[in-house]
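Chains as they are written, first to last, in my numbering: chain A, 4 to 105; chain B, 2 to 634; chain C, 3 to 482; chain D, 35 to 211; chain E, 238 to 725.
Source of the hints: derived by calculation from the structure; they are not laboratory data.
Here a beta-carbon is modelled for each residue, glycine too, at the ideal position from N, C-alpha and C.
Warning: the hint list may mix true and false statements.
Said to hold, decoys possible - Restraint ranges, calculated between C-beta atoms of paired labels, are given here:
(1) E/D506 <-> D/W151: 24 to 30 Å
(2) C/T25 <-> B/E583: 42 to 48 Å
(3) E/I239 <-> D/V134: 48 to 54 Å
(4) E/D298 <-> A/R104: 43 to 49 Å
(5) B/F566 <-> C/L38: 45 to 51 Å
(6) B/H163 <-> C/V27: 36 to 42 Å
(7) E/W272 <-> A/S102: 32 to 38 Å
(8) A/R104 <-> D/W121: 18 to 24 Å
(9) E/M273 <-> D/Q62: 47 to 53 Å
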Amino acid sequence: MSGPGIGWYLIVAALLFGTGALGVMLRRSPLIVLLSLELMLNAANLTLIAFARQHGSLDGQVFALAVMAVAAAEVAIGLGLIVAMARRGLPLDVDQASSLRG
Amino acid sequence: MVAGAWFCLLAPLAGALAITLAGERISRRQAGLVSTLTTFAAFGGALVAFVAMWAREGAEREQLSTAYTWLAAGDFEVGLQILVDPLSAVMMLVVSGVGGLIVWYSLGYMAGDDEERRYFAYMSLFVFSMLLLVEAGNLLLLLVGWGLVGLASYLLIGFWHHRPEAVAAAKKAFVMNAIGDATFALGLVLLVWQARTLELPAVLEEADGLSGTIVTLVALGLLGGALAKSAQLPLHTWLPDAMEGPTPVSALIHAATMVTAGVYLLVRAHPIFEAAPDVQHLAAGLGAATLLLAGLVALVQWDIKRVIAYSTMSQIGYMFLAAGIGAYGFAIFHLVTHAFFKALLFLAAGVVIHHLAGEQDIRRMGGLRAALPRTHVAFLVGTAALVGLPPLAGFWSKDAILASALASGGALGWTLFSAGLLGALLTGAYAFRLYYAVFHGAPPEVSPEPHGPEAAHEPAHGEGPLSMLVPVGALTVLSTLGGLLSVPGVWHPFTHWVSETAEALVEPSTGEDYLTSLVAVTLGLAGLWLARRAFASGRQLVTSPVAWRALEHKLYFDELYDALFYRPAAALAGALRREVEEPVVERSLDELGAGTLELGGGVARVQSGLLRTYALAVALAVFVLVLVFVAVR
Amino acid sequence: MLTTALIVLPVAGALLVAALPLTRVGSAGLAFLVALLEVGLWVVAAARFDFDAGGLQLGTTREWVESLGISYAVGFYGFSLWLAGAAVIVFAAAIGYALWAGRDRPRAYHALMLFLTGAVVATFAAQDVLLFYVAFEAMLIPLYVLVGVWGGERRLVATLTFVVYTMAGSLLMLAAVVAFGVTQGTFSLAGSGTSDNTWIFLGFAVAFAIKAPLFPFHGWLPLAYRQAPVEVAAVLSAIVSKTAIYGFLRIALPKFPEPADELSVVILLLAGAGLVYGSLLAFRAPDLRGIVAYSSLAQMGLITLGVFAVDDLGLDGAVLQSVNHALVSASLFLLVGMVERRCGTGDLAALGGMARGRPVLATVLLVAGMIALAVPGSTTFAGEFLIMAGVYGQGWGYAAIVAVGIVLAAMYTLRLISAVLHVRPGPAVREETLDLRPGELALVLPLVVCLLGLSAWPALVSQSSFPGNDPVRALAEELG
Amino acid sequence: MGEVLVWAVWLLAAGGCLGSGLAVVSLQNPFYSALALIANLASLAVLYLLLAAEFLAAAQVLVYAGAVMVMFLFVIAYLGGRADAPWAGGPALLRAAALVAAAALLAEVVVVLGLAWGDRLAEPAEVSAAFGSPASIGELFLTDHLLAFEITSIVLLVAAVGGVVLGTARERERETR
Amino acid sequence: MIPTPKVDWLALSPTLALLGASGVALLAAVLVPEWMRKAVAAGTALAGFVLAALLAGVVFDRSPDPQALLSESMTRDRLAALAQVILALVGAAVVLLSWEERRRGSHAEYYALLAAAGAGMVFFVGAGNLMTLFLGLEWFSLSLYVLVAIDTERADSLEAGLKYVIVGGFGSAVLLFGSALVYGATGVLGFAQIAAAGAEGDALLLAGLAMILAGLAFKVSAAPFHMWTPDVYQGAPTSLTAFMSAATKTAAMVVTLRVLVTAFPADSDLWTVALGVLAAASLAWGNLGALAQRDVKRLLAYSSISHAGFLLIAVAAASERGGEALLYYLVPYSAMSVGAFAVVAARERELARPVTLDSLAGLGWERPFYGVALWVFMLGMAGFPLTGGLFGKLFAFSAAYDAGDAWLVLVGVAATLVSLAYYLNVVRWLYMRPGPELRAAPVVGGAPPRDPALAVTVGAALAVTVGSFVLAQPLLDLASAAAASLPF
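Go ahead and model the full structure; you've got the sequences and the hints to work with.
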């Protein structure tokens with residue numbers, strides 16, 4: 004294989020995963036939090052694909068494909084929820100969704 | 002013989018049960034009759050036993066009879082058993098005989114009290130308990146009787162339970178006796194461990210084989226019980242207060258029988274005390290000390306019954322002295338004569354009190370010779386017997402004790418002898434002070450209103466009904482003649498009889514006897530003279546105000562015990578309650594609970610409802626988990 | 003089967019009482035009837051019991067959870083039969099008292115009381131550690147509600163304290179049960195051997211110490227005994243506390259001979275301290291229940307002294323005294339209840355002078371009180387003497403403590419008697435305040451008669467408590 | 035392709051990937067964030083290509099960037115201004131903690147990768163040209179990973195139903211009333 | 238030509254039954270007229286769950302030896318079958334419980350999604366590789382996300398849904414990343430293959446294991462991954478809370494046990510300790526947190542966190558005995574949990590507002606059946622005898638002690654003690670509040686709303702709770718047969 008070794012891909016994936024996690028923990032807009040979750044899933048996908056290449060087995064790629072579908076599903080439900088909240092007139096701010104507490 | 006003894010024991014119990022169970026179905030008078038008859042029945046049983054024993058010889062006179070195993074644990078067994086031997090036979094006769102007379106007397110004395118039934122039930126219970134004490138075939142059963150007489154004493158002292166003084170006195174008597182019971186029990190525990198049995202002849206035979214320390218401890222334990230029961234120093238303070246009870250009770254329990262149980266124990270368990278001579282001498286010494294102390298205090302008392310009570314303490318001191326030097330026969334002899342004349346004194350005093358509607362203060366008495374001529378005679382006989390004037394009962398028994406002290410010799414013997422003689426002087430003084438104050442001089446100016454503990458009685462009964470007079474008469478006779486059972490140099494049937502159970506350690510010679518009598522009677526008469534002179538001149542016997550106050554306060558024993566024991570215990574209990582129970586034991590859980598709840602509140606606050614913190618927690622936890630996993634590898 | 007019947011009868015009765023829509027008197031009466039039947043059943047059991055033979059009798063064993071070695075194993079030894087006997091009698095009296103007092107919500111109340119009866123009997127009959135734990139805990143379920151619903155003003159605090167305290171012990175015991183069962187491979191008491199694990203022993207010992215309670219684990223006691231309905235307090239102090247003694251006798255001592263030996267000094271010291279401490283506090287307690295409650299603490303200390311004397315006299319004495327205390331404490335609590343019902347208070351300062359004109363109350367209270375203070379000749383005296391003699395073997399000091407306890411017992415009991423009966427009538431005692439009614443007498447009298455009967459023949463219990471009347475050997479060989 | 039070219043493409047893609055990722059997280063406006071995510075997905079597709087996953091790269095662009103992100107943008111547009119939440123907020127401590135946690139997690143994963151660098155990640159396996167082709171993936175989906183394939187479809191179905199239920203519930207309420 | 242793989246339809250049948258029910262119910266939402274829509278959907282779902290339970294029973298009966306299917310995509314064994322039975326019965330109970338639940342529309346969708354979630358769980362417990370694991374997890378999670386938020390007219394429901402989606406997604410991402418790392422370390426996905434790959438001790442594998450553990454711990458609500466639990470349980474429809482507390486926990490616990498034992502046996506010394514610590518943390522956090530609660534659902538949520546701790550104690554033993562204990566305990570736990578939430582639901586429907594402790598006041602006397610039932614459930618959760626809760630704890634503690642984790646026994650004991658404070662507090666509110674407070678409780682008065690389905694649920698839960706105590710051995714036999722299918 005030419006170009007950078009698998010390790011480099013993995014580093015990128017790790018950075019992406021970290022960035023996504025940061026977004027979830029930092030941002031207040033549920034939309035951006037959802038986007039950050041997508042980042043995390045994609046980081047995992049990159050890892051899977053990189054390892055698939057490393058081991059020369061396609062299992063990782065298949066797994067990644069399935070994850071894409073799952074990610075799409077999560078987005079669908081997340082967005083549905085956000086829309087429902089918006090219709091219900093609830094603030095789109097995760098910090099304000101804290102009436103359940105204690 | 003054994004059947005008589007069993008009958009003697011159970012008859013009063015049956016009486017007590019019958020009265021209790023019958024309740025209001027029988028009249029008060031019937032209750033009294035039941036009690037009297039059963040007590041005399043017991044006396045009959047005792048007589049049967051005595052006569053049967055008389056017919057036997059030597060070892061045959063001692064018999065142990067077991068009904069059933071009362072208590073058993075492992076290989077340790079205690080039977081419900083009685084020991085019939087010369088000593089217990091004498092005691093049975095005295096207890097049931099004197100008891101019967103006094104219960105009979107009560108019929109008249111208590112007439113009109115609205116709780117007569119209860120009174121007679123208690124009296125019967127007492128007679129049963131006392132008989133159990135003297136007949137017990139093992140030491141544990143003896144302790145049972147010991148405790149039950151204490152119970153009966155408590156009940157009867159506190160008979161007039163609406164009076165705070167009576168209740169307090171009853172409690173005091175019970176607690177003091179409980180202390181004695183406890184040391185008694187401790188002594189028995191030691192015996193159980195050493196001898197594995199408490200059966201009377203057997204355990205006493207083992208006494209010699211025990212180590213010195215053990216036997217001393219056992220003896221101390223028993224002595225503790227005896228001191229408490231017989232109101233000897235230092236456990237004597239309850240007896241004067243016990244006079245709160247009805248007078249026949251004082252006569253029966255606190256003069257004739259129960260309080261002398263300590264002497265009985267000393268004699269009964271004499272092998273143990275002989276194996277621990279120090280303890281035996283201690284008993285003699287304490288007896289001597291008590292007889293002096295009580296004699297002194299009696300000089301200043303105003304209450305007719307209290308004077309007699311102190312004289313009782315003093316006389317029991319003589320008995321302890323006797324038992325302590327090994328003159329067992331004379332100890333028991335004095336016990337018996339004392340039972341006669343002291344019961345007589347109390348009953349006579351009862352007549353006086355009855356007559357005066359409950360008055361007990363001798364300052365409000367006087368000149369009763371005219372109003373109560375027969376009682377006067379009886380009282381005089383009793384007093385003279387108490388002082389030990391010949392030929393009355395007390396003369397023979399007391400002088401025999403003093404002679405024994407003289408005969409035992411040594412520093413101890415001489416000390417005891419001197420103390421006894423001094424006691425004789427004191428006895429003469431206080432006894433005749435009382436006699437003069439009550440029967441001589443001018444009658445009090447005002448006719449007394451009913452008051453005092455026995456205020457229930459209507460005034461001016463005169464000498465009371467026949468049921469009161471006959472027992473007094475009988476006791477007068479006994480007090481006069483009772484001493485003739487042992488005349489020095491002539492015959493000693495009584496001491497001989499007792500010595501089959503308890504061989505005396507000292508035997509005074511006839512010369513010692515007569516010498517002692519001479520001195521003692523002289524001193525007694527000197528006391529009489531002192532009392533008469535003081536009475537005639539209207540002065541008191543004790544003139545020093547300091548001494549007067551000290552004696553009036555009974556030498557401050559009550560105050561001392563209060564400060565030494567009761568108040569510290571009460572303070573300790575209060576302190577435990579305030580400092581340990583409430584703050585530590587009860588609240589520790591509260592604090593722990595509050596702390597936990599606070600923690601729970603903290604946990605709930607962390608659960609802030611902020612979604613981002615939830616993610617943060619997950620992230621941090623993952624970080625730690627991975628870190629640990631990779632690092633531990 | 004008889005043992006199982008003894009357990010099942012009250013439980014079935016409980017279900018019946020709860021299910022049948024009877025009137026107030028009807029359900030209480032039914033419960034009382036069941037309790038009496040239970041007494042009868044116990045008499046049958048006692049009649050069938052061969053006191054001379056050794057070993058477990060009237061036993062039933064069924065596998066329950068085979069893979070862990072848990073079985074439903076019940077049966078009686080002499081001592082447990084006596085304890086169970088005391089239990090059924092006291093329960094009958096307590097349920098009778100509740101019938102007399104007319105508790106609210108009678109169906110629930112009596113169902114719980116009957117359930118408690120079954121649990122207690124099961125505890126005394128249990129021959130499997132786990133079954134023992136089950137029964138031991140099952141007692142708490144009704145007790146929690148009984149105190150919490152029908153108790154006095156501060157019942158909520160009282161019941162929570164009680165349950166948390168006892169559960170703290172029980173859960174330690176659960177840990178110990180687990181450890182014991184796992185290491186032994188079976189939970190059966192008959193099938194398991196002995197263990198020398200001190201920690202497991204401690205788990206059991208602490209649980210029993212709390213249940214008894216022993217000083218200083220008695221934090222729940224003052225509140226619970228004061229706030230519980232009086233007959234529940236009676237049951238608590240009379241019977242429930244004895245399950246701890248059964249635990250000591252059946253599990254802690256025989257199964258852990260070495261740890262018990264090593265730690266006996268600690269337990270003896272605590273028991274002795276409790277005896278004195280309880281007596282002193284009883285002496286200063288301001289109310290009737292306080293006196294009885296703390297005297298219970300003292301008595302449990304005394305009984306524990308007897309148990310840990312590990313000696314023929316001490317063990318027999320402990321069993322005898324357990325039975326005695328059960329009857330005494332129940333009588334006293336019921337009498338206290340009767341006084342409280344009349345006067346509306348148990349405050350000593352407000353009482354007094356009840357003896358005059360109320361001879362039955364006076365007599366019964368006096369007799370019960372005298373037996374409580376172990377007047378010589380009473381069965382309690384016999385028990386105390388045996389314990390005193392037994393514990394002397396562990397050191398003379400313990401015997402001396404028992405002696406001190408005897409004196410203190412006289413002090414506080416006389417205080418109680420005088421405060422109720424003697425001197426002037428207190429502010430809460432009116433002229434028309436009644437004497438004991440025949441119904442009440444019928445509840446207390448059987449207890450007192452039992453006590454008097456035992457006083458006439460304490461050997462009945464003391465010599466038949468352990469197989470062959472040889473407690474130490476039985477502990478080592480048959481129970482171990 | 036030459037080594038240098040591959041490196042250059044890689045650097046470009048990796049840089050784009052990380053840069054757009056940061057943009058997703060840091061941009062104020064969700065709309066721009068979503069656009070940044072599309073860029074991110076595209077650069078990831080390039081990386082997939084470099085890893086011999088042609089089919090996945092294609093799927094990434096078509097399915098993900100194409101379909102999913104359109105949905106995203108549609109919702110954002112639907113919500114309009116209401117989608118604007120404050121950038122971040124809450125206690126400063128919380129923000130700092132988030133940064134620290136993310137950094138720590140990142141560093142940790144990097145370290146773990148570093149530990150594995152020497153042996154496992156040294157030499158990737160030799161693969162044939164068919165590796166990552168639609169055919170090979172498809173075969174797997176019909177044999178070994180048949181279940182996964184089916185489940186993926188079910189998951190998507192559930193999500194569809196869920197989206198409908200949540201997104202349209204209110205209209206239905208109005209109907210029932 | 239691609240060869241068609243052989244499919245074991247029997248092994249899949251429980252899943253398919255539920256999937257079918259879900260589909261029918263979904264169709265009902267569209268095709269069946271409004272008035273009978275709910276009945277048809279609920280009936281279908283109920284039938285699906287019952288059928289699934291029966292089929293799982295058949296699978297249990299016919300699978301004495303564990304079998305890996307479709308290149309380790311899934312496993313057919315008794316462990317999965319038993320878990321499926323439990324899950325299906327819980328589902329059936331929840332269908333009954335939810336019958337009278339107040340909901341504006343969406344009934345058919347509710348039952349369809351419930352069946353779908355059930356299908357996902359039933360599949361999940363048989364997962365054989367990391368991919369099916371992840372997909373199964375997402376399957377039921379996504380269904381639950383929707384179900385939590387399905388009462389869109391309630392803000393709480395939406396808020397709970399949002400939290401669940403986001404935090405759940407975060408957890409899934411962690412699990413996925415961990416799976417990727419494990420895949421990287423071994424190059425395989427199947428559990429047995431991972432174990433056989435011989436990568437133990439590898440940093441990648443361990444990091445992956447840690448992340449998988451975290452993801453699963455998230456699903457079982459073990460501290461510190463539990464924080465979503467109280468909020469979601471409180472906000473979700475009560476019937477669904479009952480389902481989550483019993484079913485999600487069962488599924489996640491069983492899979493945790495399966496993954497750890499089959500895929501990472503060589504690293505058991507690490508994960509047992511880690512699970513022990515998680516168990517201890519859950520016990521501490523759950524019990525302490527519950528002390529401060531007034532809302533009963535929230536209180537029960539904390540109780541469920543603490544039960545995650547108890548169940549993890551059994552898993553941490555990493556022994557057949559531990560497996561038995563876990564599977565046994567799941568039965569009474571599920572029953573008590575469903576039962577308790579059912580009683581809460583009954584009260585909620587009576588009062589038409591969230592149930593707090595003070596609104597329980599006097600319930601015990603007014604509604605004796607529910608009162609006694611809740612009492613029993615509380616006692617059971619606290620581990621009192623006469624309920625299976627005691628044996629659950631006992632078996633778990635035995636397993637832990639056997640495995641040398643005596644400290645976990647002590648932690649469990651201490652936690653139980655703390656838990657008494659709130660369990661008994663519930664009983665206290667049921668029975669012991671004084672008169673005035675009783676009147677203050679907003680009692681509607683008269684007969685309670687008729688709800689026979691709910692009463693049946695409570696009765697069944699009661700029967701299981703007590704029955705699992707009396708008949709412990711038969712149940713334990715099943716559990717031990719199930720545990721035997723794992724390679725301990």
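Outcome of the hint check:
{"no.": "1", "hint": "E/D506 <-> D/W151: 24 to 30 Å", "result": "holds, 26 Å"}
{"no.": "2", "hint": "C/T25 <-> B/E583: 42 to 48 Å", "result": "holds, 44 Å"}
{"no.": "3", "hint": "E/I239 <-> D/V134: 48 to 54 Å", "result": "holds, 50 Å"}
{"no.": "4", "hint": "E/D298 <-> A/R104: 43 to 49 Å", "result": "holds, 47 Å"}
{"no.": "5", "hint": "B/F566 <-> C/L38: 45 to 51 Å", "result": "holds, 48 Å"}
{"no.": "6", "hint": "B/H163 <-> C/V27: 36 to 42 Å", "result": "holds, 39 Å"}
{"no.": "7", "hint": "E/W272 <-> A/S102: 32 to 38 Å", "result": "holds, 35 Å"}
{"no.": "8", "hint": "A/R104 <-> D/W121: 18 to 24 Å", "result": "holds, 23 Å"}
{"no.": "9", "hint": "E/M273 <-> D/Q62: 47 to 53 Å", "result": "holds, 51 Å"}
In this structure, none of the earlier numbered hints is contradicted; all agree with it.
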